[in-house]
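Assemble chain B onto chain A, guided by the hints.
Here is what each chain is made of, one letter per residue.
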Amino acid sequence: MGWFESGWGISLIVFLPLVGAVVVLAVPKAQEELQKAVALVFALVTFGLSIVLAIQFDYGASEKIQFGTSREWISAIGSNYTVGVDGISLPLIVLSTFITVLAIVYSWDHWPEPHNPKMFLMLILVLATGMVGTFVALDLILFFVFFEVVLLPMYFMIGIWGDRTEIRIPVIGKVTEMRLYASIKFFLFTLFGSAFMLLGFIALYFRSGPAGDRTFDMVELAARSDLFTGSFAFWVFAALALGFAVKVPIFPFHTWLPDAHTAAPTVGSVLLAAVLLKLGTYAFIRISIPILPQEALNWAPAIGILAVIGIIYASLACLAQTDMKRLIAFSSVGHMGFVMLGIATMTSIGLNAAIIGMVAHGVITGLMFFIAGSMSHRYHTREMSRLGGNQKLMPIMGAMLGLSAMASLGLPGLAGFWGEFMALLAAFTPNAALNAGLFRTLMVIGAVGTVLTAGYLLWMMQKVNFGEPRESWDGVDLHDVDKFEMMAWVPLIVSIIAIGVYPRIVTGATNGAVVELIKNAFGG
Amino acid sequence: MPMLALLATNANQLILATEELGEINDGGLLASLAWLIPVVPLLAAFAIVFFGRRMRYKGWELAMGAMGFVGIYGIVLAFATMNSEITYQGAITMGEFGPLVLEWGWMVDGLSSMMYFVVGVVGSLVFIYAKSYMAGDIRFTWFFASFSLFAGGMLVLVAAPNLIQLIVGWELVGVASYLLIGHYWEDHDNSSAAIKAFLVNKVADVGLFIGAIIIGTTAGTFRFSEILSQVAAGENDLLKKFAFLGGLALFIAAMGKSAQFPLHVWLPDAMAGPTPVSALMHAATMVTAGIYLLGRMFPLYFVEGYAVDVRPIIMIIGALTLFLMGLIALVQTDLKKVLAYSTLSQLGYMVAAMGAGAYTAALFHLFTHAFFKSLLFLGAGSVIHSVHSNEMTDMGGLRKYMPTTFKTFVIGSLALAGIVPLAGFWSKDEILVSFGDASGGAANFALYLSIAGAFITALYMTRAVYLTFFGEYKGQGTPHESPKMMTVPLVVLAGFSVVAGLINMPGITAWFTELTAVRFTVMGDHHPTEINFVMAGLGLTAALAGIVIGYLLWSKDAETQQARDTFRIPVLYPLLKRKYYIDDLYMDGIVRPLRGPVARSVDWFNGHVIDLFVNGAGALAKFVGKYVYRFDQSGLDSAITASAAATGAGGSVLRLLQSGRVQQYAVMIFAGTVVLVAGFIIF
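Protein sequence lines correspond, in order, to chains A and B.
So for the first sequence, numbering that gives the first Met the number 0 puts the first residue at 0; every next one is plus one.
So for the second sequence, numbering that gives the first Met the number 0 puts the first residue at 0; every next one is plus one.
So that you can see chain A by itself, here it is in the shape it has in the complex:
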């Protein structure tokens, strides 16, 4: 399998979905079954290849870039097609290809208006290329391209298949459709962040050496991190952090998220929550810390504080939500707060916590959005006050919602616990250069956040699942979980339990890489 290890394996995983999209395009519009089959086959093969990647991966050397290659790409600016996988990106690549398969399986029989499966499947596949590409890119320009490739399909998903409810935009007061407002807010907000991010990349390039020796290579830039000092480094970190923070999102750059999630079609919400949010946190770990370690330490307190504000703020906002999907969307802000808290500690425990938190949030919130989507599809409402007694009407769906809520509130034994608890643990002894008192305060506040998290999820369960069903549902056709939903959700449930019981599934890959990253960045 020499070809597989020399970069072709990764490249196949990245570009097969794109090829799939082209093939789907070639299928006549009327043959929907064939379109679905083609999309599924491409997604499955990609997922299979990522499993091969995970099996072939050398876990004893997870800090090494494996299966990598570097080819000249845009030689005029010294940007190369440099890709590779290490223990940090491996779990996220598998997560991305995994969720893509599930999204297509779920889509099989659940088409949001205005239908058009061909277009929708193509968007999912293009999205897959963008997501995996971002996780394997080791060149800043390549990273930027993939990072932006992700943006467009999601924009179309929300804008075309999104929620058509009319809303009045706060502040401006104009009335417009939810999907239009949300998609454009998502697009422009992210683009705004990306602009600063690109600026930061270019600045790094010009500081990376004398003309002729400049590079966009992340590994090389990390090795030259001594070159980036002073106010230059300060502002570059700020620019990068702004770009990443919008994507995560970190408070107060999060307001696109509740709107985008609420308006997006089910599969869009799932992909957005499960994978897209991780691009930002991943970039912090992959780019900001290794290349600008000193600035990472300078900014860490601010990031930690914003992360914890996000935890509390999002939990309180969740308590006020009446729309189930919007509640789950807001909960993402809180969960990503724990991930960012882990990163802000700048320790190996914290980064491990962040990555396992990212994977866990992917499978848990992905499942929650699937379920919320299916429920609103059946009840034709997401208003929790109109639901109730779901456990009686759809027992299996209710039980699955209950399990995902328990996982989301961080129940030990399920996936969500490790990211939360270990982030708090890391905050007790942050990096030696950081103020331990501050981070210990953040630990306590973050721990209080877990109570609020439990609160809004349990009250959601009470409103949605418990009680007697309303009379208005008498005679309404409410079938319980169908076979496509089963096929899409059971793998998620299995992953939630498996990671919860045996977190080594993730940390086995990440730990070596993270320890090495921290050692290279901060010494010791």
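Think of the hints as simulated: they come from the structure by calculation, not from any bench.
Errors might be hidden in some of the hints.
[As the list claims (entries may be wrong)] Below, a list of computed lysine-lysine pairs in the DSBU-like style, where the Cα atoms sit at most 30 Å apart:
#, chain 1, residue 1, chain 2, residue 2
1, B, K240, A, K518
2, A, K482, A, K28
3, B, K578, A, K462
4, B, K578, B, K473
5, B, K473, B, K483
6, B, K555, B, K578
7, B, K336, B, K399
8, A, K391, B, K130
9, B, K336, A, K462
Since the structure is predicted, the reported quantities are computational estimates derived from the model, not experimental observations.
Frame of chain A; chain B shown alone:
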């Protein structure tokens, strides 16, 4: 020999730590297979969910089989551990986080064997009872799945050789408790009670998380055996520095699970769950997890230089709980609520005893209480099953209709009241002795309140017995004795309630002390070598006085029972009825403001302040775009549309969107992407 002197010498022994144990008996196959104890019930829980409905007894047989297995294994282990002093722990790595290695494991020592015994034996009896009690229930199978999940979680907790696994078990029993309290979730009150239990425990879990983090991080390990041997060795200064905070945080955790004042509010509401649940979880086992945790971490609170300063706090909280909650039991009309407040009060005894340094006495009371309190709950269940009401005002005169239930209930009440020679007498006496021997204001406080508590205990139990079983029957229909499957467990538990105390009589037997002293860290012998007649006399007198006064107050004929029960002492009665207004304080002071105004203002802030900048930027862009570029605004009338227009490209994207020609555009996008990435392949 005064207890204090004993404790002082024990402190020295403790420091000798593991090497003093000499030859460690690892228990062979018996101990190395003990991982089955938590795993079997957990697997049973899963199996019941998937296959239960299709089975002959709807999944009960799986639950019963698993529980019976635990019971038998627990009995064997308890005897083996006592006879041959087994200390064993096994572990498998479940993950690495930087320098930390997390493990799943199981341990066999005196403390855990005692708990396996209690969970297994009481659990088996309750499961037998529950088959009959829950017969015909709408969610019979689900009930036993949740109940098995609880058993598994509790055993994960007890088997835990490290703090992380303890947290896992701790929250698993919490979620099982949530499921079972809310078993009848059609009723809003029941699901609210379930949420309350979960959230109050979650508040306490903040303490558990922080305590585990502090202790584990400063010790550099989460293993109990290693943490405690560091404590004994006394060389870890970092651990010493943080021991008080860590010990306090862990005590807060114990206050939640063991429902200590002021985190007790969830337990009375938890009575919304089916009665077998109340008997096993909310009386005998789950609520004792806090005492178990304190016992597990005991040397931390005991060795000078660590968390000894937490002990007065523990004593005061425990003493307040045992006294204040006992008083509330006096005004309850719901039979299960009487028992719930009684449980709170007894848990207070155990906690205060741990605070006084009486490791054995606290665990001994945990042990005896498990039998007589589960007996009382199952007896109450038998009554409720028969009269279809929890209210004692619907009962009365039941001794004629339900003789077995009556007799066993009286035995349980006497054991609880601490009448010699029943189980409660011996364990409560040991606790009183420990308060008498410990010095300091907190110990005196605990001593006075616990003697008063002994009086109150006897008083409310006498009241409950008279209102339930004497006088005339006031309910609907004709009550009947419960079936054999329910009365046999009552009789067995009554037997335990009589004899359980005899295994640890001062100066005569010390089996229980010997068992619980088998630890990796030497615990020393806290068992008094002779009867302290002063304490025994005080406790017994208080209990007898309670029974006599209770008899005078509540044994009158049926007509006046009702009148007696509404007998009101000004100020005190409303205070007790309103449960000291603590629930109201939490609801009106914390929960409602948070869910209402606070949450709404955050949401408003999100939409109107943060988005003011976001949407404002859009509006500004529109404004600029309008005048600078003289864009054609027709058809672009929404503000955000316009903000997109400001970026030029965005506007055309939107027009494409609106005109439905998106497909072409998307083709262009990824065609562009293909061209872009095709570059490298060519080169």
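Tested hints:
Our distance criterion of 30 Å between C-alpha atoms is met by K240 of chain B and K518 of chain A, whose separation comes to about 28 Å. As the CA atoms of K482 of chain A and K28 of chain A are separated by approximately 25 Å, the hinted pair is consistent with the 30 Å bound. Annotation: proposed proximity of K578 of chain B to K462 of chain A holds, straight-line Cα distance about 28 Å (limit 30 Å). Under the criterion of a C-alpha separation no larger than 30 Å, the hint pairing K578 of chain B with K473 of chain B is consistent with the structure, at around 27 Å.
Restraint check for K473 of chain B and K483 of chain B: the C-alpha separation of about 25 Å stays at or below 30 Å, so the hint holds. A C-alpha spacing of about 27 Å is found between K555 of chain B and K578 of chain B, which places the hinted pair at or below 30 Å, so the restraint holds. Restraint check for K336 of chain B and K399 of chain B: satisfied, since their Cα atoms lie roughly 24 Å apart, inside the 30 Å limit. Distance restraint check for K391 of chain A and K130 of chain B: the Cα-Cα separation of roughly 23 Å lies within the 30 Å cut-off, and the hinted pair is therefore satisfied.
About 27 Å separates the Cα atoms of K336 of chain B and K462 of chain A, which keeps this hinted pair within 30 Å; it holds.
In summary, the structure agrees with every hint in the numbered list given earlier.
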